[in-house]
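Just so you know, the protein sequences line up as chains A and B, in that order. Each residue of the first sequence is one higher than the one before, starting from 1 at the first, in the working numbering. Each residue of the second sequence is one higher than the one before, starting from 388 at the first, in the working numbering.
Just to be clear, a hint being listed does not mean it is correct.
Stated by the list, open to error - Counterexamples of contact, computed for chain A against chain B with all Cβ distances above 10 Å: (1) G55; (2) G140; (3) L254.
Stated by the list, open to error - Covered stretches of chain B (in silico footprint by chain A; criterion: 3 or more residues with CB under 8 Å from a CB of chain A, positions within the stretch not fixed): (4) 439–448; (5) 493–503; (6) 620–632; (7) 653–662.
Derived from the structure by calculation, the hints contain no laboratory data. The beta-carbon is built from N, C-alpha and C at its ideal position, and this holds for glycine as well.
Number of protein chains: 2
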Amino acid sequence: MRDVAIVGVGLTKFGERWEAGLKELMSEAWLSAMEDANISRDDVDMLFAGTMASGRFTGQEHVAALIADQLGFSNVPAVRVENACASGGTALRQGYITVASGIHDIVVVGGVEKMTDVTSAEASTALGGAGDQEWELFQGITFPGLYAMMAKRHMHDFGTTEEQMAAVSVKNHENATKNPYAQFRKKMTISDIMESKMVADPLKLLDCSPLSDGAAALVLAPLEIARKLNDTPIKILASTHATDTLRLAERETLTGVKAARIAGEAAFRHAKLTPKDINVAEVHDCFTIAEIMAMEDLGFYKKGEAAKAIAAGETALNSKLSVITSGGLKGCGHPVGATGVKQAVEITWQLRGEAKDRQVTKADIGLTHNVGGSGSTAVVHIFGRTN
Amino acid sequence: MRDVAIVGVGLTKFGERWEAGLKELMSEAWLSAMEDANISRDDVDMLFAGTMASGRFTGQEHVAALIADQLGFSNVPAVRVENACASGGTALRQGYITVASGIHDIVVVGGVEKMTDVTSAEASTALGGAGDQEWELFQGITFPGLYAMMAKRHMHDFGTTEEQMAAVSVKNHENATKNPYAQFRKKMTISDIMESKMVADPLKLLDCSPLSDGAAALVLAPLEIARKLNDTPIKILASTHATDTLRLAERETLTGVKAARIAGEAAFRHAKLTPKDINVAEVHDCFTIAEIMAMEDLGFYKKGEAAKAIAAGETALNSKLSVITSGGLKGCGHPVGATGVKQAVEITWQLRGEAKDRQVTKADIGLTHNVGGSGSTAVVHIFGRTN
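Required output: the full structure, derived from the provided sequences and hints.
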C-alpha cells in the first residue's frame, strides 16, 4: 500500500444555486481542484463521484460518466458511489484505496447534489431513501423524526438540554460567517435557535441542516508524485468505513452511532494517533444532536459529556480542538453527495494554512467524519501535513 | 496485485417478481452465493452492490448498507455503485480491485433491480437517467430511440437487415428456454420478432429487453484462499472499464461503442489472449443491434460482419463461440443493476461445467461485456478455469 496525498481541492459556493445544474456545479468544483493540483484532464487516470439521489432530484443517474464527459476526460474509468449522506466520504475512501493499491496514480474524487429544483416535500421523500423504506419511511417517519428520537433519548439518559443543542448551531453559524462558500453567513443566538419553528420535538428548524446545491472535489496522488505537483500535499493518515443496521430501531443504542465508533477507533489505530492529537475536525452535523453524538463516538468526550463542553465553547474556532470551522452541514449547507468531500476540502485548507478568516493557529492533524442515514454508514478520515 | 477468483455464485429467477421486494431479491441471490462458496456472514470483509435506479423504482437508496443489514454482516464496509446498466459490471470490477490490492480477502459483489412496481412509463423515465437528461431525454428521446438511431446507421453503412437483428433475438430466446432463471422461456421465430409491435423504427418490441426484477451475487477471494473454499474457483484474467461521451450525438461513430472497444482491447491485452481464445461470452444485448455491435467492438468480427454471422448461426449454443447461453438481457431478462453480475454468474456455471441443458462442451475461457447508457460506460471481464 502506497502513501496517498491530497494535491488539489475545489469547492462551489453552497446554497440555492438556481443558475447552475449538476454539470455546472461539478465543473466549477472539479476544474478548481485540477487547477489547484496543477494537472490537466489528460493526467486523470480514474474518477469517483459521490451523489445520493441525483435520479430523484434531477432525473440524472450515471453521474460519474456525465462528469467524465463534461470535463473531457479521455475514456477513463468513472464510478458513481452512493451511500446516502456518506456518499462523498465513500467516494474519497474508494479513491484512496485505488491510489494506495497502485492501480492508478491520479484519481479525482468529487461529490455533488442539486437539491433545490424539487419541492421541499419531494426532497424530504428523496432523502428518506437513506433509511429503510418499508420499515421506517413508509410508516411515516422522516429524518428529523429519527434524529429527534435520538435526541430525546440522549436528553433522558444524560441530561442534555435543548439549549446545549442550540449552542452547536450557534457555533457553526458563527464559523459560517467567516466562510465565503457558506449558504448562511448570519450570526445566530441561542434564542434564535430556541424560537425557531419546531420540526420534530426537540429539534427546531435551526437545529437542522438545510437543502442545498453544491459540489466539492479532491485530486489524489501517491505521495511521491504529490510532492512534484504541489508544495503542500496533505497526507491521508487513515481511511475507514463501517456500517450498522439501516433501521434505527434495531441498534444497540439510540444515543450514539456504533458505525462511527468502529470507524473512528480503526482510524486512530491505523494512524497511530489518539483524539488528543487532532487539531481540527469536520464532523457530520446534519442535526445539532448528531454533532454531540459524533464528539462522543469519536472519543473526544466521554458519553454524555460533549453537549456541556460544546456549550462551554471548548470546540469553538481556535479553542483546544476547533470543530467544524467550515460552518458544517448546518451553516455552510448540506448538498448531501458533496458533504463528505467538502469536509476534506476544509481540512486541507486548514492544514495548508489557507483557511483565511477562519484559519486555526495550530493545524497539523485533521479529521473528517461523514455519516449516512441515521447512522448505518460512517466514514472517517485522518489527515496530516507533510511540510 | 493478487490473483482473484470467483468462489460462489447466486441468482434469483428473473421476471415479474411481485411477491419479492429489494430485500427478498438480494437475500435470495446473496445467500445462494455464500452457500455456494461455503462461507458464513462472518467471513465477509466488504461488499459492493450495483443498482441503477432503486431510488426511482422503490424509493430506496443506501442499498449496500441495506443488504449488509438484511444479511447480518457485522459492520463491514458496504458500497453501492451506480453506472446505469453497467452498475453490476462496475461492482464486480470494484470488488476485483479490492481483493487484488490485498486490502480485503472475502468480498461479496451483488447487483439488484426491482423494476415492476412502477408503471412502464415511469420505468422508461427512470432508465432515461442513463443518458444526458438535459440534452437527450428532456428533448424527448428514449433508449429504444437512441439504439434505433445506431441500428439505422448500421443498416445504412453495412447493409445490416431487420431480419438479421431478429435472428439475434431468436437465438437468445432459444437459449433462454434452457435456463430455469429466465423471464421468457418460449421459442420465437424470425416472423414473431418481425411482426411484433414497432417501438422505435427499426426496433420492434421483441428486439428490446424487458423490464425485470432480479438479483445476482458473486463471492470473490484471493486465488490461494479460493482453492481452500472450493474445488472449482474461476479466475478473473482481466477486468477493464472505459467511458465515452454520455451523449450519443458527440460520439466518433454511431455504429459501434468506443468504450467497449477500448475496454475489450485492454482486457485481451491484460489476459494475454485474443478473441479466438474465448469459448463462451455474455455480451450486453439490451437491444438486438447492441449484440451485433458488441461482437464487432470486441473483435470477434470485423465491422459490418457480425450480423450476417449471427444470422448464420455462428454464435449459437455449442457453435465455435457460444454467445449469451443464459438467454441474455433479451430472453433471461434485464434487472439493470443485476445484469453485469448475472453475466459473470452464467460464465462461472459454464466454466465449472454446471450449466446443465445449456452447457457448452468446451468452456475454458469466458468473457462478459456490460454496457451503461447508449455506450458511455463499458466494463469487460475475462475468466478462466483453474482446474
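Outcome of the hint check:
In this structure G55 (chain A) is not separated from chain B by more than 10 Å, as the shortest Cβ-Cβ distance comes to only about 5 Å. Non-interface call for G140 (chain A) relative to chain B: holds, since the shortest CB-CB distance, roughly 13 Å, exceeds 10 Å. Against chain B, the non-interface label of L254 (chain A) holds: every CB pair exceeds 10 Å, the least being about 16 Å. Against chain A, the stretch 439–448 of chain B contributes 9 residues with a C-beta closer than 8 Å to a partner C-beta. That satisfies the three-residue criterion, and the hint holds.
Against chain A, the stretch 493–503 of chain B contributes 0 residues with a C-beta closer than 8 Å to a partner C-beta. That does not satisfy the three-residue criterion, and the hint is violated. For the stretch 620–632 of chain B, the stated coverage by chain A holds: 5 residues have a C-beta nearer than 8 Å to a C-beta of that chain, and at least 3 were required. Counting residues of the stretch 653–662 of chain B whose CB lies closer than 8 Å to any CB of chain A gives 0, which falls below the minimum of 3, so the coverage claim is violated.
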